[in-house]
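So the sequence lines, in the order shown, correspond to chains V and Z. Residue numbering for the first sequence follows the working numbering, beginning at 88 and increasing consecutively. Residue numbering for the second sequence follows the working numbering, beginning at 88 and increasing consecutively.
Quick caveat, the hints were computed from the structure, so don't treat them as lab data. Since this is a predicted model, take the numbers as computed values, not measurements. Ideal placement from N, C-alpha and C gives every residue a C-beta, glycine not left out. Treat the hints loosely; a few may be bogus.
Pulled a few chain V residues facing chain Z out of the computed Cβ check, cut under 8 Å [said to hold, decoys possible]:
id: 1; residue: Leu-183
id: 2; residue: His-185
id: 3; residue: Ile-187
id: 4; residue: His-222
id: 5; residue: Val-228
id: 6; residue: Ile-238
id: 7; residue: Arg-247
id: 8; residue: Ile-248
id: 9; residue: Glu-250
id: 10; residue: Pro-252
id: 11; residue: Asp-254
id: 12; residue: Ala-322
id: 13; residue: Ala-323
id: 14; residue: Val-336
id: 15; residue: Ala-337
id: 16; residue: Ala-341
Number of protein chains: 2
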Amino acid sequence: MLDDRKLAVLRAIVEDYVSTHEPVGSKSLVERHQLGVSAATIRNEMAALEDEGYIAQPHTSAGRIPTDLGYRLFVDRLNELKPMSGAENRAIAEFLGHAIDLDDVMLRTTRLLAQLTRQVAIVQYPSLQRSLVRHIELVPVSGRRVMVVVIADTGRVEQRIAEVPLDLEPALVELLRSRLNAAIAGKPFVEVADVVATIVEETEYVNRPAVAAIVACLLESVVERPDDRMVVAGAANLARYGSQFETSVAPLLAAIEEHVVLLRLLGEASSTNDVLVRIGAENPALPTSSVISTGYGMGPVAVAQLGVLGPTHMDYSGTMRAVHAVASYIGRLLTEG
Amino acid sequence: MLDDRKLAVLRAIVEDYVSTHEPVGSKSLVERHQLGVSAATIRNEMAALEDEGYIAQPHTSAGRIPTDLGYRLFVDRLNELKPMSGAENRAIAEFLGHAIDLDDVMLRTTRLLAQLTRQVAIVQYPSLQRSLVRHIELVPVSGRRVMVVVIADTGRVEQRIAEVPLDLEPALVELLRSRLNAAIAGKPFVEVADVVATIVEETEYVNRPAVAAIVACLLESVVERPDDRMVVAGAANLARYGSQFETSVAPLLAAIEEHVVLLRLLGEASSTNDVLVRIGAENPALPTSSVISTGYGMGPVAVAQLGVLGPTHMDYSGTMRAVHAVASYIGRLLTEG
DNA sequence: CATTGGCACTCGGGGGCCGAGAGTGCCAAG
DNA sequence: CTTGGCACTCTCGGCCCCCGAGTGCCAATG
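Start from the sequences, fold in the hints, and give me the full structure.
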């Protein structure tokens, strides 16, 4: 069924097609690769590969193009990822090392990934659901307004304004702040709702509405929204599609602005070591593109996803390597910071 | 030189070309507009307009297209902006009303503007240089690390980690926080550097290195960076360019990722009432596009810019109206919040 | 003197045609 | 099983030609 030579032929077809973007024929195959057999033999193998659905020809008398299935087989048979070169690693460190806060890390990471892969890069902010509370701050901004600032152990900062029904005593704010911090600092975000409920109950009657308002605001900013925060970069790389504009680029541009769609594309948060590849029709939303994604985080459990969006005919090996390298670097960065 | 009828003809040419994107000839002009004269007369006028540089023909025996100069004259003769309809205003209020914090306001504003104009929208965060300090917060995050959080009166929040040379006493942090707030809360950001210098000098000798580190960090986050924060949306609208991809869309996509370029395109912060229009070659960076921008802010003085990027053949009147309306709405929103 | 109808002229774009080239499938021989 | 040969099939680019939209100019007109 799938002897070694057939695999070698498929591999050669994928490589050639990825680099030239033109259907590849039997003759050019034997020229560019040392396959040790003649073009006629290759033609036979190609006919077999086509029967099994791994390659196709755009029209009679043209070369072959890998199908989604062909790419899938190719990717599955990539035994291991080559490590990045020393120079590449140094470039990553250089690029990300000077970040000043989490926003900056996210921005730089996304641009770096876009630049390395020459595709559209997507990086999700660390999920609150999988983080710990580091600190809560209450900042009075005017008589009846308090800014509630929540800081996660990943460095992510969420803030929001709470409107309270009556003027607040500074002492009460102070008390509430220390009680909130004592109760939930260091705890996972998912436990916040439970812990905080008791604090409202323990509040003396007159202050309860104000405290309830602040706590409600806190809970709102802690709960994950569907259009969770993410950064996208590298749309300019779509320019290289050029001709196939209408068919490929337009839907991609549309998707890029729909964060909800992107989130679904990135897939479920997985371990930080698996690189997930979804090819063509494997993701129904964008059947002409591929997504390569992985989780990143402090340690083996992922706090969020990052990945790359590109045409199905992309350099899977190199892109997977870059995605993996960036994810593990940002993981280290978060652990230190 | 420029009698009324010539202006009417130019106006008609611009309108037709904007809506059809095809060179417009004398015959179709008299059909679609009530000009009261024959096509031959229009031809004479058109020849005159071409001599004066307001219109051009892509090749002999084609209709006329407005030149940059023609658009400029057209825009300058738009005597006043029609106000938005009630329904449009309600849509804006509906869209922006539910924002929860400044980040959310920026995001929603940009998307709204992109949607209203069907172009690429750019919204700059309120400039710190033109804001007042509302509050400063120091949050110890570990032994030798303090997160410095600065909140502006516009609602903008900047945070950054300071590394101090020795472990900090909570009491010292507390003291520093209150002294910093007492000194600069309510003051403009531009004065922060001066005021804060004295605080370091007044610190007792042993704590001075730590305080200096924190203050240095504060100053860093207060100083405006060249790639100041901004939000971009509506890149999907570029898909409508379709055919002219290589020439028009690719450089635009590239520019969109270069925030420094965008900043320069938006122009200098002007009053909140002027709508600035830069057409084609008037902005050297993107000679085939037009930029429509204005300032927004709390009151008549602008704290930042917002605008729209599109092809030179765009609906200037409608776009200027939308830019103005969104800017004034977000100004009101900031003033209330 | 501005306006108008008429008319010759000019290109750009689309359609049709053709030949070159690349690639295939099949077959018969090694 | 492999290989060289060969007939066949398409796509693509070039070429040509005609159509039509649009122009500029001119002479006539009120």
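Please list, smallest to largest, the hint numbers that this structure does not respect. The structure conflicts with hints 1, 2, 9, 10, 11, although it agrees with all the remaining ones.
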